[in-house]
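> Go by the hints and put chain B onto chain A.
Just so you know, the protein sequences line up as chains A and B, in that order.
Going by numbering that gives the first Met the number 0, 109 is the number at position 110 of the first sequence; the sequence numbering is gapless.
Going by numbering that gives the first Met the number 0, 157 is the number at position 158 of the second sequence; the sequence numbering is gapless.
Calculated from the structure, these hints are not laboratory results.
Heads up, a few of these hints could be off.
Ranges of calculated distance between the beta carbons of each label pair, as one might list FRET restraints [claimed, not checked]: (1) B:Pro314 / A:Leu133: 41 to 47 Å; (2) B:Thr92 / A:Ile131: 57 to 63 Å; (3) A:Ile11 / B:Pro314: 36 to 42 Å.
Below, simulated SDA-like cross-link-like pairs (lysine to any residue); rule was C-alpha separation at most 25 Å, straight line [what the hints assert, rightly or not]: (4) B:Lys55 / A:Val109; (5) B:Lys254 / A:Ile8; (6) B:Lys198 / B:Ala229; (7) B:Lys258 / A:Arg128; (8) B:Lys254 / A:Val137; (9) B:Lys55 / A:Gly216; (10) B:Lys56 / A:Tyr114; (11) B:Lys209 / A:Ile258; (12) B:Lys254 / A:Phe143; (13) B:Lys254 / A:His1; (14) A:Lys179 / A:Leu155; (15) B:Lys399 / A:Arg136; (16) B:Lys209 / A:Met257; (17) B:Lys33 / B:Thr99; (18) B:Lys56 / A:Ser111; (19) B:Lys343 / B:Pro117; (20) B:Lys343 / B:Val365; (21) B:Lys381 / A:Ser55; (22) B:Lys399 / A:Pro123; (23) B:Lys254 / A:Val7; (24) B:Lys56 / A:Leu118; (25) B:Lys56 / A:Asn214; (26) B:Lys55 / A:Asn117; (27) B:Lys56 / A:Val109; (28) B:Lys254 / A:Leu3; (29) B:Lys254 / A:Met257; (30) B:Lys254 / A:Asp59; (31) B:Lys381 / A:Ser54; (32) B:Lys102 / B:Gly69; (33) B:Lys254 / A:Ile11; (34) B:Lys55 / A:Asn214; (35) B:Lys254 / B:Thr205; (36) B:Lys254 / A:Arg128; (37) B:Lys209 / A:Val7.
By construction, the Cβ of each residue, glycine as well, lies at the ideal position given by its N, Cα and C atoms.
One letter stands for each residue in the lines below.
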Amino acid sequence: MHLLVQAVILGILIGGVYALMASGLTLVFGIMRVINVAQGAMVILGAYLSYTLFSSVGIDPLLSILLIAPVMFALGVGIHRVFIRALRAESGEEMSLLVTWATALAIEGVLSVTYTTNLRSTIPGYAQRSWIILGYRVAEVRVFGFVISVVILSALSLLLARTRFGRSVRATVQNPTSAKLLGVDADRVSALGFGIGISTAAAAGAVFGIIYPFNPGSHYDLISRLLSIVVLGGLGSLGGAVVAALLLGVGESVVAVMISPSWSSFVFFIVLIVILVFRPQGLFGVRERGAL
Amino acid sequence: MSRGRWGGVATFVALAALVGAACSSKGTNSTNTKPIVIGISLSASGDFSDPSAAAKKGYELWAKTVDAHGGIMGRQVQLKIVDDTSSPDQVVTNYQNLITKDKVDIVFGPFSTLLSAPAAKVANRYGYAFIEPAGGGPAIFDENLHNIFFVQPAPVVDSGTVFANYILSLPADQRPKTAGYPELDDPFAAPIAETVRQKFEAAGITTVFKQIYPAETAEFTTIVTKLAHASPDIVVGGTQVADAFGLVKAMISEKFSPKFLFLSNGSNDPVNFPDKIGASNVNGVFGAGDWFEDEKSPGNAEFVAAYHAAYGPGPIDSTSAEAYACGQILQAVVSKVGSLDNGKIIAALHQGSWASVEGNLSWNSVGEPQGQDLLVEWIGGKLVPVYPASVALAAPTIPKPNWAG
Numbered sequence: 000m001h002l003l004v005q006a007v008i009l010g011i012l013i014g015g016v017y018a019l020m021a022s023g024l025t026l027v028f029g030i031m032r033v034i035n036v037a038q039g040a041m042v043i044l045g046a047y048l049s050y051t052l053f054s055s056v057g058i059d060p061l062l063s064i065l066l067i068a069p070v071m072f073a074l075g076v077g078i079h080r081v082f083i084r085a086l087r088a089e090s091g092e093e094m095s096l097l098v099t100w101a102t103a104l105a106i107e108g109v110l111s112v113t114y115t116t117n118l119r120s121t122i123p124g125y126a127q128r129s130w131i132i133l134g135y136r137v138a139e140v141r142v143f144g145f146v147i148s149v150v151i152l153s154a155l156s157l158l159l160a161r162t163r164f165g166r167s168v169r170a171t172v173q174n175p176t177s178a179k180l181l182g183v184d185a186d187r188v189s190a191l192g193f194g195i196g197i198s199t200a201a202a203a204g205a206v207f208g209i210i211y212p213f214n215p216g217s218h219y220d221l222i223s224r225l226l227s228i229v230v231l232g233g234l235g236s237l238g239g240a241v242v243a244a245l246l247l248g249v250g251e252s253v254v255a256v257m258i259s260p261s262w263s264s265f266v267f268f269i270v271l272i273v274i275l276v277f278r279p280q281g282l283f284g285v286r287e288r289g290a291l
Numbered sequence: 000m001s002r003g004r005w006g007g008v009a010t011f012v013a014l015a016a017l018v019g020a021a022c023s024s025k026g027t028n029s030t031n032t033k034p035i036v037i038g039i040s041l042s043a044s045g046d047f048s049d050p051s052a053a054a055k056k057g058y059e060l061w062a063k064t065v066d067a068h069g070g071i072m073g074r075q076v077q078l079k080i081v082d083d084t085s086s087p088d089q090v091v092t093n094y095q096n097l098i099t100k101d102k103v104d105i106v107f108g109p110f111s112t113l114l115s116a117p118a119a120k121v122a123n124r125y126g127y128a129f130i131e132p133a134g135g136g137p138a139i140f141d142e143n144l145h146n147i148f149f150v151q152p153a154p155v156v157d158s159g160t161v162f163a164n165y166i167l168s169l170p171a172d173q174r175p176k177t178a179g180y181p182e183l184d185d186p187f188a189a190p191i192a193e194t195v196r197q198k199f200e201a202a203g204i205t206t207v208f209k210q211i212y213p214a215e216t217a218e219f220t221t222i223v224t225k226l227a228h229a230s231p232d233i234v235v236g237g238t239q240v241a242d243a244f245g246l247v248k249a250m251i252s253e254k255f256s257p258k259f260l261f262l263s264n265g266s267n268d269p270v271n272f273p274d275k276i277g278a279s280n281v282n283g284v285f286g287a288g289d290w291f292e293d294e295k296s297p298g299n300a301e302f303v304a305a306y307h308a309a310y311g312p313g314p315i316d317s318t319s320a321e322a323y324a325c326g327q328i329l330q331a332v333v334s335k336v337g338s339l340d341n342g343k344i345i346a347a348l349h350q351g352s353w354a355s356v357e358g359n360l361s362w363n364s365v366g367e368p369q370g371q372d373l374l375v376e377w378i379g380g381k382l383v384p385v386y387p388a389s390v391a392l393a394a395p396t397i398p399k400p401n402w403a404g
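Okay, chain A solo, but in the shape it has when bound (with noise of 0.2 Å):
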């Protein structure tokens, strides 16, 4: 019993941090129908970046998420300008796929050669301390990163329900054409929701640098879970993608501590099977547009 408590706290807590990940591919799908298969990379460079910062000149690579996220979210922006927009013209969603393969395995370039291949690891003071709590050990870096999580996938709630870009995001998500006909500028919503798609990757990205060992090809075992989370969520849905990395965290968790770490990620994608065979539009998703 000890050890099947130990894995569901174990699970919430990296079902977190695949939660954070994936809300920045569901935000994007959700928007304009973009399957941004570039996130794993967008999470590999992020840690690359906190990895840079924390070991040259000793920001915390937590706090570091304050500086990568605003860069990567330009440079979300500048990706969709240059690349994503000239798609839409031709409604090019199978198109879109290519594109942000593409930048995925551009961005595995450059930093192969910039940091050659070898794997690297962000290690602060915190990083490999843990608590015991109520009789079960915790990691400190696990409930930092699940603390972040939880407050940036709640500000990106309030973001999306509060305020005026919000209902700009949902109106176009729901209708876009209708949405364009009300004055939304859908191009503008886009280029700013690609944006906070990436600056979430960069968040995530901090916090898995330190959990994980990484190297530029990390992204494809990452982008391959990612999709699972958000298409097991609904496709565009944020809570969706939420439950559904909770879910991922606690089974692959659970199953590689009473069974076999072998049968973790089989199960998993018995269960994805499973739901989408009675459900295809995943957990949250709806059938048409307007899931987010």
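Positioned in the frame of chain A, the structure of chain B alone reads:
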């Protein structure tokens, strides 16, 4: 035709043969002054680009050193290195071209078993010896080829044997009673731990934990949670590099510190291991390796000095030493047989032992080296050979101290 006329023809033929022989002799002398060309395929890109770069340094350093001393049989050495992009298909094409188009005299191996196994088959087809630095997995020896010579002290699957031998050499009251085996599902990892497990179980050390995890595993806290629950005296990790770092980081975070910890890969990396888990946490962790900078193997001091002179200070990747050793072995065997005939080289290498920076090496009929690796331990923040006693630079420090955090 008269007898006299036949005699004139015979005389002419004899003279022609003499002139031909003279020309041929002159031609041979001319050929003998040409460089000895050694063909090598390495990976300039892809998964094996970094270790290939280290191998290239070793090969080039050996060629430069041997040329500075007059070459081999009075001939300079010229390396023809081509790029395989880490692809098993490209490596086959490369060795095919090196042998049939470029007609190189000798070939050396690429990096990794994945590339060495198919390359060795090409070399074998044309009767070339395949002296190789970094293809020691089961797949290459399963080919049952007679031309392979893996230039390291032991095959990969036996690299944990030296640790098992050390543990079983301890007095009974110091020996661990229980053991745990986290094992990566990889031909270069799990079989190493399994070899150790079989020896330990035969010696009465009880297995209380065994877990095989897939290559895509990124989350090691789940494994360590279960491992800590079993609380073995000794942990033998059948690991590659990334998972070794992940396992140790999780052990530190979970505050689980066994009395003995051996990792088949990862802990033997003098640069990345302390960098990834924290320099204050390395002490007491065991690893195994084929070569270390301070070891007293034949020509090692010269190699280390030449390496630093050529490439500057800093740690030396063992792959560079392995590649350099390939050159040493070739130089020794060619000097012995007095020929670049690959058949003679193959036959000679299967006899006796051959000195190199990797130690004195000998091989069985399929190219498996017959020695054992060195056991190393992190002591005082440095990676030190500790077993067997003949090569140890310090006594092992046991039990492992707790993690510094």
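> The structure should be examined with respect to each hint, and the outcome stated for every one.
Verification of the supplied hints:
1. B:Pro314 / A:Leu133: 41 to 47 Å: The hint (41 to 47 Å, Cβ to Cβ) holds, given that proline 314 of chain B and leucine 133 of chain A are roughly 45 Å apart.
2. B:Thr92 / A:Ile131: 57 to 63 Å: holds (58 Å)
3. A:Ile11 / B:Pro314: 36 to 42 Å: Holds: the Cβ-Cβ distance is about 41 Å, inside 36 to 42 Å.
4. B:Lys55 / A:Val109: Roughly 23 Å separates the two Cα atoms, so the pair holds.
5. B:Lys254 / A:Ile8: holds (17 Å)
6. B:Lys198 / B:Ala229: Measuring from Cα to Cα gives roughly 20 Å; hence the hint holds.
7. B:Lys258 / A:Arg128: holds (20 Å)
8. B:Lys254 / A:Val137: holds (11 Å)
9. B:Lys55 / A:Gly216: Given that 25 Å is the threshold and the Cα spacing comes to 23 Å, the pair holds.
10. B:Lys56 / A:Tyr114: Answer holds: lysine 56 of chain B to tyrosine 114 of chain A is near 20 Å, not above 25 Å.
11. B:Lys209 / A:Ile258: Within the cut-off at roughly 12 Å; holds.
12. B:Lys254 / A:Phe143: holds (19 Å)
13. B:Lys254 / A:His1: holds (17 Å)
14. A:Lys179 / A:Leu155: holds (23 Å)
15. B:Lys399 / A:Arg136: holds (22 Å)
16. B:Lys209 / A:Met257: Given pair lysine 209 of chain B, methionine 257 of chain A holds - Cα atoms ~13 Å apart, limit 25 Å.
17. B:Lys33 / B:Thr99: holds (18 Å)
18. B:Lys56 / A:Ser111: Cα-Cα ~20 Å, so holds.
19. B:Lys343 / B:Pro117: Holds, because 23 Å separates the two Cα atoms, which is no more than 25 Å.
20. B:Lys343 / B:Val365: OK: lysine 343 of chain B and valine 365 of chain B at ~16 Å, within 25 Å.
21. B:Lys381 / A:Ser55: Given pair lysine 381 of chain B, serine 55 of chain A holds - Cα atoms ~24 Å apart, limit 25 Å.
22. B:Lys399 / A:Pro123: Between lysine 399 of chain B and proline 123 of chain A the Cα gap is close to 24 Å, so the pair holds against 25 Å.
23. B:Lys254 / A:Val7: Holds, because 19 Å separates the two Cα atoms, which is no more than 25 Å.
24. B:Lys56 / A:Leu118: Since the Cα atoms of lysine 56 of chain B and leucine 118 of chain A sit roughly 21 Å apart, the hinted pair holds (cutoff 25 Å).
25. B:Lys56 / A:Asn214: Holds. Lysine 56 of chain B to asparagine 214 of chain A sits at ~23 Å (cutoff 25 Å).
26. B:Lys55 / A:Asn117: Cα-Cα ~17 Å, so holds.
27. B:Lys56 / A:Val109: holds (24 Å)
28. B:Lys254 / A:Leu3: Judged against 25 Å, a Cα distance of about 19 Å means the pair holds.
29. B:Lys254 / A:Met257: Distance ~20 Å between lysine 254 of chain B and methionine 257 of chain A Cα, so the pair holds.
30. B:Lys254 / A:Asp59: holds (23 Å)
31. B:Lys381 / A:Ser54: holds (22 Å)
32. B:Lys102 / B:Gly69: holds (23 Å)
33. B:Lys254 / A:Ile11: At roughly 21 Å apart (the allowed maximum being 25 Å), isoleucine 11 of chain A and lysine 254 of chain B satisfy the hint.
34. B:Lys55 / A:Asn214: Distance ~23 Å between lysine 55 of chain B and asparagine 214 of chain A Cα, so the pair holds.
35. B:Lys254 / B:Thr205: holds (23 Å)
36. B:Lys254 / A:Arg128: Holds, because 8 Å separates the two Cα atoms, which is no more than 25 Å.
37. B:Lys209 / A:Val7: With Cα atoms ~22 Å apart, lysine 209 of chain B and valine 7 of chain A stay inside 25 Å; holds.
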